[in-house]
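Participant: Residue-level listing of the chains:
Number of protein chains: 2
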Amino acid sequence: MTSAVTTPVSASRLKTFFAPRSIAIVGASDNSGWSRNTFGNLRTGDFKGDIYAVNPRRDFVHGQKSYASLSALPEPVDLAYVLVGTDGVLPVMEDAASAGITNLAIIAAGFAEAGPDGEARQRQLTEFAREHNQIVLGPNNLGFINSSANVMAFSQPMIWPFSRGGVSLLSQSGALAVSSLDYFVARGVGMNCLVTMGNEAIVNVANTMEYLVEDPSTRVIALFVESFRQPDEFRRLAARAFQLGKPIVVCKIGRSKLGARAASAHTGGLAGDDLVIDAALRQLGVIRVDSLEDLIITAGLLDSYGVMQGPRVGIVGASGAMGVIMSDIAEREAIQLPDFAGETVDKLRAVLPPFATPQNPLDVTGFVIVDEDVFRKAQQAVLEDPNLDIVLLFAGLPKSEDDRMFPFIKNSLEKTAALIKTARPQVVLCGGIQIDYTPFSRELRARLDLPFVLPDASRGLPALARAIWWSEKRRAAQADTQERRPPVQAAEPALSARPWSEARAREYVAAADVPVVPGEVVSTADGAVSAAERLGFPVVLKVVSPSLQHKTEAGGVALNLQDAGAVRNAYDRITAAASAHVSDVEGVLVTVMRRGGVEMLVGVARDPLWGPVLAVGLGGIWVEVLRDVAYRLLPASRADVRSMLGEFRASPLLHGARGQERVDMERLTDAICGIADAALSLGEQLDTLEVNPLRVSGAEVEALDVLVTWHSSSKPALEHNPSE
Amino acid sequence: MTSAVTTPVSASRLKTFFAPRSIAIVGASDNSGWSRNTFGNLRTGDFKGDIYAVNPRRDFVHGQKSYASLSALPEPVDLAYVLVGTDGVLPVMEDAASAGITNLAIIAAGFAEAGPDGEARQRQLTEFAREHNQIVLGPNNLGFINSSANVMAFSQPMIWPFSRGGVSLLSQSGALAVSSLDYFVARGVGMNCLVTMGNEAIVNVANTMEYLVEDPSTRVIALFVESFRQPDEFRRLAARAFQLGKPIVVCKIGRSKLGARAASAHTGGLAGDDLVIDAALRQLGVIRVDSLEDLIITAGLLDSYGVMQGPRVGIVGASGAMGVIMSDIAEREAIQLPDFAGETVDKLRAVLPPFATPQNPLDVTGFVIVDEDVFRKAQQAVLEDPNLDIVLLFAGLPKSEDDRMFPFIKNSLEKTAALIKTARPQVVLCGGIQIDYTPFSRELRARLDLPFVLPDASRGLPALARAIWWSEKRRAAQADTQERRPPVQAAEPALSARPWSEARAREYVAAADVPVVPGEVVSTADGAVSAAERLGFPVVLKVVSPSLQHKTEAGGVALNLQDAGAVRNAYDRITAAASAHVSDVEGVLVTVMRRGGVEMLVGVARDPLWGPVLAVGLGGIWVEVLRDVAYRLLPASRADVRSMLGEFRASPLLHGARGQERVDMERLTDAICGIADAALSLGEQLDTLEVNPLRVSGAEVEALDVLVTWHSSSKPALEHNPSE
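If you're matching them up, the sequences are chains A and B in order.
Converting from the first sequence to our numbering requires adding 155 to each position, the first position being numbered 1.
Converting from the second sequence to our numbering requires adding 155 to each position, the first position being numbered 1.
With the rest of the complex left out, here is chain A:
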């Protein structure tokens, strides 16, 4: 299914594709709304090159000469925009091939989205395109917009004047791309490119992303995706964009089980585990949002501000209630609202009426209407606060000159516009409630040269939190030149020759410097007693058998053996019990019995989409009842592993909550990195390597049980290992 989507597309060829100097509209017709839209959009968008109409059944279309075919054009155009019906598509591709035209946007539906017949048609299309070195966007899409090149090759009505800017949106849904145009305008976000992907017969999400990552006019990439079909490419491009300082914001839908079902019905794409996707995106420095609205607002904020210069936010407004709302959302979104510096408090005391409280968020009170100067001075004091990186001002844009208090607001906005240019902190504006920009407010914003205005607290502050998160992550990455860990070499495939016993798995991770509870494999009851005496009572006995999957249920485990007699009895009992189930009992593992401490789960499993994924959480109930686990794609840095240890809800236990001894986080990090490396070195045949529990108590870190399974063998769930 993916074999056909790789070969001919390169970023340099897409550059011509998305910025053609000449375009032919094939299937142009005065009777077709789509044709009228496309022509109209190109013209209104001030396309500088030639636009040809191709329709063999007409002499004139849209007031200009119509050509019988692409071959009949005076030149081979840079782009054929194909509006013919499903059955006409292949003939047009043939015509393009003879005319030496290699770039086609194909709008018609009726291909892979339309059952087996459509799939067959799409295979034909794809094969033809590959044979003739054609780049095809679509089929089943709505075209694209590249505003910095004045190419509005889009089949749906657009809104004029077009809202130009640095956000490029790549959408796997055509319908929502159309809705998004309204929202860009309503929220005053400037667009550079809009690409509707359609069926991705040739040009896929990764190719387009690559183009946008390298496109200098694209400052922020917004992705609306139903599935990641090229995860390796996505990782590479996300890393590249992060390195370039170009934020990527993703709305990846299909979070729910229901959603995943709907997605699979809709696209046939593979929807991976959503928590893994969350982890992957976070690790790659990609911002994830949950709605199209949040996608566009977050992208708009980042387009306007670039990098947020720090995490510390001060808030100033003239409504106490709004300050409380902001505080509520700030806490939920982990936005820092530090106390004002003492000097700021002093300045505010000198300026504000005595009944105002000089704290963050600052409510300058309704007094502002009586004395506008008070507001100005209070704002100035906050803007000079050394504790703040960002100052958020409540200031929506007026809808019209008839708007309430327009002269006051306009005067205030003018002064704010001046402040924004000179203040040390970044100044971010936020409206009081989410209503649309009007043409008047857009024009006023442009005239005052104001940055993006957040719509309201409930959508605006989460966007600000995400922009801060991205900016901080980027700063941390720039500062982080150490702690790179050497890449892990996969061991020879021979390792995976057959199932592994727990004893073999223990040895393997111990050899990789992961601390493992002391133990010995023995093959007689006497041997077990001597081992127990060397190790110290109490001990645990477990049968060693590569094929025995559920040792405890099979009677193959004996816990808390206090003396030689108990060990001897247990040896006989568990080997007899296990032998009733399997024939490959290789002996018995004797280990020290541990008590107390915190029991963690550290596992590596292979995600079908993202490859090996590291899972870290507390064991037992935390995993089984709460699914309280942090994930990372591998390889992961030490910093990644360290931050995982703060991400699950039971994390406070590691820091000494509930009378637990404080855990040595560096040793724990070492052990987890060791387990991750051990898993990676087992290569692609590995299904799961799981340490459960990894016992942690103060400075003691020790694997008590290790499980390794291979792809051929049966597959236990990553987080649940009740067999011990």
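It is worth saying that the hints were derived from the structure and are not from the lab.
Treat the hints with care, since some could be wrong.
Said to hold, decoys possible - Short derived list, chain A residues pointing at chain B, Cβ under 7 Å:
#1 Ser334
#2 Asp337
#3 Ser446
In this text, a Cβ means the ideal position worked out from N, Cα and C, and glycines have one as well.
On the provided structure of chain A, position chain B as indicated by the hints.
Facilitator: This is chain B only, laid out in the frame that chain A set:
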């Protein structure tokens, strides 16, 4: 502080207040925007009675005669709308008193919100009003709107034509009430009343709520509040509204610690524990939302639909991506999207193109544009599905006639409008992205007589989920005629004469039929041994001392004593240790030592705002690390208690997760109800009654430790009892 806000306000007097037949604007002036606004709003809003201007320094204001004083008016008006400055307020009140005018809206600021001087002024105002039987709205507010009575007594510009309807908004914030007017219009929600509360010198939130509860033109009450200052009244009125089937939607801000701080700086009001507020509102059948936008949308939906007729939702649209988004949000919001019935699947198979999947949410695919009839038939099939109570259709309103595909959309909407009237399921419309209604779309909706249209998935589905929750709760309340528990009588105050020992607390709850672990109080080591022999080893010994707060730390507890010798030693050791700390050791409690099972916390504590609150959760780490507790106000029904047992995250443990025996929920409910009743019967002096742990294992339910503290004694945290 609250003593002044009770006396003269009754619902019948407020009826005249909010629907006056004549109004005088005091301080009317052509130079004042506020005066122009108020006059203009009353006139444009078609006020039927007389409007008088009062200003001693003018002959004519707003083109009509101006009177020198209220006393000079030809009649005592029903409402004096007072726009004079702070210092002019009291003289106007005196003037009103002599003119026999008893209803005043006072707009001026400079009262309790403005420091000690303002507080003094407000005290004066309040006293004067009470002496003269005056009802005062404000001061420091923006007036009110009562559209069904054509009274637009509001000082800020309004939007015309006014969007009339059944939602009444009561706001403790003036600024946000003004913003909300824009949002009502932008979202096509119809307003009946808007009341800005100001400082609540006389008319408070509870009075106004009472008026709205009884007002026949108010179908939904929306509250924007910073604090509940009259919780008893609020409870009574919420119950009354619930009984009447009038939904209340609340945006209570100040959730966060930061927000609570900001709220207290702003209002001086008491912000209770937010989780208790959550629980209280849920229990009262009040919908809670987190933003002004959600407040208005949820209220608008309920105004349009009244009661949602069931919880089962089907979704139909022509965008696969939107279906996936809907599924994601539905899962998060616990909206049921059942499978279509077999007959519906058959019908859809017959109608839809073969590549469409007949599942819920239904994507009729882009085919709808090719064959509109397909969409219609598919929609019809879903509307006939017996598994569905509600069908949600993706259908936004077009912005203008120039809108894309307007004829198609209009035709589709017309057919939908007809369907809505005849279909058995309720049909709810939802747009694709949140953009404002235009005047055109408002007019179109009115012409087609369409119900409220949800703005988009991310705000619309949560609103639908809340409306369904309220409707289901109401249906359950109507069905629930059984299970009322008799009211609990408080015991005589003598009970609280001094601190209670654990032994006394045990006896007390045991007498209230709460099962308690077997135990005896003894006063000698020999007595302890005989008790242990009667009870059965192993046992636990704890010193009995009303004043010893931290028994374990003081060495007053010995666990897991296996034989007589151990008991004897322990007796001597713990009594000696305790006697070193306190002088009131009354003996030793010997109880059976239990192991295993699930340890729960069941506690009752007195919330400063809501009175006795029941807390139920798992004990230990669940409380301390996760704060994983469900709350209810007392008294609570058995149904309440039963549903609490499903609300905390660790609830699955009660149902047999992680190898636990399934708990007998009825016995557990009995025990919790018993503990709650025991606490209530201890009266108002009780600070905390806490059973921690209440051990649960299968059918065994037993209090292992009981703590009772009184208001005079020192106060342990409700959820944390590390002293044992």
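Participant: Hint compliance check: list the failing hint numbers for this structure, sorted ascending.
Facilitator: none
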